[in-house]
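Number of protein chains: 4
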Amino acid sequence: MSVEFGEPVEQVRIRPRMTVGELVEEFGKSGAYNAGALWSAAACYEAMLRDTEATRFFGLAGAMVPGGMGGIVSDLIERGHIDVLVSTGANLTHDIIEAIGCRHYHGTAECDDVELHLDEINRIYDVYLPNEAFVNFEEFMQDALGELGPGSVISIAELLAHLGSRLATGILAAAARHGIPVYCPAVQDSMIGLQYWLFDQTGDVCVNAFADMHGLMDRCFSATRAGALFVGGGVPKNYIFQSMLMTPNGFDYAVQLTGDRPDLGGLSGATLDEAKSWGKVNEEGRAVTVYGDASITLPLLVAAVLERLEA
Amino acid sequence: MSVEFGEPVEQVRIRPRMTVGELVEEFGKSGAYNAGALWSAAACYEAMLRDTEATRFFGLAGAMVPGGMGGIVSDLIERGHIDVLVSTGANLTHDIIEAIGCRHYHGTAECDDVELHLDEINRIYDVYLPNEAFVNFEEFMQDALGELGPGSVISIAELLAHLGSRLATGILAAAARHGIPVYCPAVQDSMIGLQYWLFDQTGDVCVNAFADMHGLMDRCFSATRAGALFVGGGVPKNYIFQSMLMTPNGFDYAVQLTGDRPDLGGLSGATLDEAKSWGKVNEEGRAVTVYGDASITLPLLVAAVLERLEA
Amino acid sequence: MSVEFGEPVEQVRIRPRMTVGELVEEFGKSGAYNAGALWSAAACYEAMLRDTEATRFFGLAGAMVPGGMGGIVSDLIERGHIDVLVSTGANLTHDIIEAIGCRHYHGTAECDDVELHLDEINRIYDVYLPNEAFVNFEEFMQDALGELGPGSVISIAELLAHLGSRLATGILAAAARHGIPVYCPAVQDSMIGLQYWLFDQTGDVCVNAFADMHGLMDRCFSATRAGALFVGGGVPKNYIFQSMLMTPNGFDYAVQLTGDRPDLGGLSGATLDEAKSWGKVNEEGRAVTVYGDASITLPLLVAAVLERLEA
Amino acid sequence: MSVEFGEPVEQVRIRPRMTVGELVEEFGKSGAYNAGALWSAAACYEAMLRDTEATRFFGLAGAMVPGGMGGIVSDLIERGHIDVLVSTGANLTHDIIEAIGCRHYHGTAECDDVELHLDEINRIYDVYLPNEAFVNFEEFMQDALGELGPGSVISIAELLAHLGSRLATGILAAAARHGIPVYCPAVQDSMIGLQYWLFDQTGDVCVNAFADMHGLMDRCFSATRAGALFVGGGVPKNYIFQSMLMTPNGFDYAVQLTGDRPDLGGLSGATLDEAKSWGKVNEEGRAVTVYGDASITLPLLVAAVLERLEA
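Protein chains in written order, with my numbering: chain A, 1 to 311; chain B, 1001 to 1311; chain C, 2001 to 2311; chain D, 3001 to 3311.
It should be emphasised that the hints constitute simulated quantities derived from the structure, not laboratory data. Heads up, some of the hints might be wrong.
Stated by the list, open to error - Over the 10 Å line for every Cβ pair with chain B, so calculated as not near, a few chain D residues:
(1) 3034
(2) 3037
(3) 3105
(4) 3131
(5) 3134
(6) 3142
(7) 3146
(8) 3218
(9) 3245
(10) 3263
(11) 3264
To be verified - Covered stretches of chain A, as calculated for chain B (at least 3 residues, CB under 8 Å):
(12) 7–17
(13) 22–29
(14) 101–112
(15) 176–190
(16) 216–224
(17) 227–241
(18) 299–306
What the hints assert, rightly or not - Some chain C residues judged to face chain D by a derived CB distance under 7 Å, without partners named:
(19) 2012
(20) 2019
(21) 2047
Glycine residues also receive a C-beta, built at the ideal position from the N, C-alpha and C atoms.
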């Protein structure tokens, strides 16, 4: 027989009060489908975090902060598990909104959106955000942008570090506190961008779109090893992956949590094997995709890995 | 303001060695997307299992047993949490295969299927099943079928109870031991069906396709309240739901774990609200859908609910 | 260079009043993603229909008839392109409903299902079916079932042929007229099943669940070549595929139109390569999957292939 | 009866050599699922294109150009149907690659990606792109960037217009020829960005990340009416939609072709109703989503609408 295969599938056993790490061990023993993939992802992410010579990237796409997943990201920064963060502008907008004391609310997707609009409530699937949050957001942003020195030329990461330095909680605050760069190539494409446009009517600052690439590329050239955890795809996934393309290096570890599918051709659903053809992931790199809603798979993954690392 | 909404979204916090129930509580506090739905599903399923006057149905579709999820079903039967089981034929086939001592194995979906075929290995996504299992399966089945009295007319559930009575472990064994009926409307559509066809070359037994409906419908007419947990859609979901259509009753509790999507029109991805238009779910019935891979969501749900019930 | 690849991707060009066949030719020239797959599926299905020695199977799952796709199936039967049909019970129920003059209606999925229920309207995503259709359906069914000879033992296909012989339009009618067997292993799981249950309170007929397998298996053993078009997965896909498992044959042509995804492990989303490991599809068999909504891909495929065959 | 509903579902009829527009008319008569949605999308897009006072936006995400869909976009520009284009950087990169004479090739997703890497072939699902294309791309880009005046400060759209002015075919060329602005907020996140980084080692040009927002916002403030066609989600969808947020206006027409799903919370799969809660789409705006692979739905939509407009 020429085909090799592994251990027998074990039927999952549930014990009341089992820990998340124990549940994920059961996933490993069953070994099938996305449960099996989640166990493999935990093993890969654990190895990435234990590898003290690896630069750890985190890509954050999807509406994660409005959905309550931002706390996991800021905690990972606080624990020292993220070296470089690449995010969509929307996640950072909602991070600021929470950090300045505004809140998102439990709602429902079965609703009348015109009625919501009349009540000045913005919907993100089943999360509701009252418009007044954007009033406070505008005040914070215009204050913060007004502090930028006239005539200065800054990068997007510098702009975000400036915002983070004025906040006490959340992702931008934790990143600023720990000196972790936050890259956001499409920052214009967010409420941060709209506020900047408002400021820019009178301001005299130039944000150089490409200025951040030098620091990022230098880091990629000098990395001994590298790993990435991708929540969703989008710009963060591509930006992290492409950063290695100009270097002789590639990623040694990659974990992708996505709800997309590969057959549409888009990068967000593309397999990590595909990334090997480009050299983004090394030939012998460990790479695991878990398909599903990251609001479930991210907490599961992180809880299982922290249990392995700290318990 | 006329739109009502709920609690603020809380950012999820991960603690090493937290229990699954504690994680699902965090999902409830974030409240968003499928994580929020999973918390609601746990609350609904807990209420269903605590309601001693409710008849509890379980619909089992998808390749759950080869993926190691059969143990959860048999344990739920053992714990008294299932009154009526409706399954696809495939799950019962693989349940028998495991019960007679054959095993499924960890494999990979990135493989050469022609090579697998030459090696006599059958693939179910990333699970491998060597052909020899079907040799043992045939022996068991022909023995068991040979015991059926010549000239007898039986129902599908009676056929399955007969098989279960000859097994010591697994779903059919647990159901037989506890007197739980197992319905499988499309039993022909499985290896059990193919074995029956083989037996039927010489056998003299008639399996009445519709005979089980009387017992099921009587149960539905007499149910004080009813609840259902659906793993996947397919025949089990429709068969359970339609059983209430002829009665003045409907389901009071319904939880659906599915990877399908509603916009294709098929029942497997249909919302449980749609079921209310048919009267399958009562107007005020609690109904929650969690979209995702049931190999992840079923263990999460059951672990959280058992922790609520037993801890 | 060891990797072989094909033609250059051509950018799709749209010409007003181009035919569907011409559009699918453009898909072939672009060659990518599911558009490319649709072109390959058209080539495969054309070859299947041109192969006069091939037995042509058609598997019909999903809510196709309520969504207006039943006309395509009955037309394919009329044109002689289907030799064996395997369907879910639901599609046949709705086929009868249309054949007896009742109609489904354009509706919307954004609605209040409780209100629909109070108005006695049943919803299938964005299709509405008033309850009164089931009143007429009951009358037709009880009449038809009442004609079955007391004490008789029949197969499911015989039952369906009896129903079809009393109808003038639709799938069952076309199949009866052309002597095409219609298999429906889970017929109980449908309104047809519920009507049979009603009839069975007083009737004296036994529908043998397994009786159809002999005819189907004989056909599979004697087939020179075989092909299948699968709309959706479910019971029809598995039943058609498993019918070859006991024979030395496998399918030479297979086209699958599905909205499911492979990574969940279920058969409905499984690749046709997976089917090769089981021997369901021959090693050198042509097999193409198109992922997407069959309400779009089925008409596209059939229009393109009829244009190739007839134009 | 209080619920209103529409026309009866008509069973789709296929006629050999029917035009795409005729097929889409059949979709309208069936009216169900994504086929029905495609007909509605065609009606909406036709109205948008006939409305001479509407500003027409086009959002381009996903791997559309490598998959052969770029020709449709450049033809729509040539025909005067796009006023503002927002694209991902990747689509523009591949547009340049085709415009300078390099080609993408038909490949397969069932492959050995490490072998592809060794052969210097990059994979995009089932499309192959040899590395040598990037050699030519680098030459073109460095030449073009070298022409930028030292010390100049430009916007991203100006950079892209400069590139387009040096090309004869494709999207950027057509846009440059017709004076259509091409916005690409995340241009860094692409091979164009990497080439710019290379140039920026020695160059002395500042690309102002936010400079394009003024022109875009002015356009939004002055628009009498506005419509958008979204292929995929990502940055283009959000950037187009948010551009109206600061104005008293919203979109009057919106058509979205996406393969994502709403329940994950991300914008790419979000319904257009959700956009109404934000005021991005007007309360009485026409908005239609078609779920599926845009490599199929975009050509279908455009062919049907051009047939309505021109035939």
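Going through the hints against the structure:
no.	hint	result
1	3034	6 Å, violated
2	3037	8 Å, violated
3	3105	22 Å, holds
4	3131	23 Å, holds
5	3134	27 Å, holds
6	3142	38 Å, holds
7	3146	44 Å, holds
8	3218	34 Å, holds
9	3245	20 Å, holds
10	3263	5 Å, violated
11	3264	6 Å, violated
12	7–17	holds (count 11)
13	22–29	holds (count 4)
14	101–112	holds (count 7)
15	176–190	violated (count 0)
16	216–224	violated (count 0)
17	227–241	violated (count 0)
18	299–306	holds (count 5)
19	2012	5 Å, holds
20	2019	5 Å, holds
21	2047	17 Å, violated
In terms of the numbered hints stated before, the structure departs from hints 1, 2, 10, 11, 15, 16, 17, 21, listed from lowest to highest.
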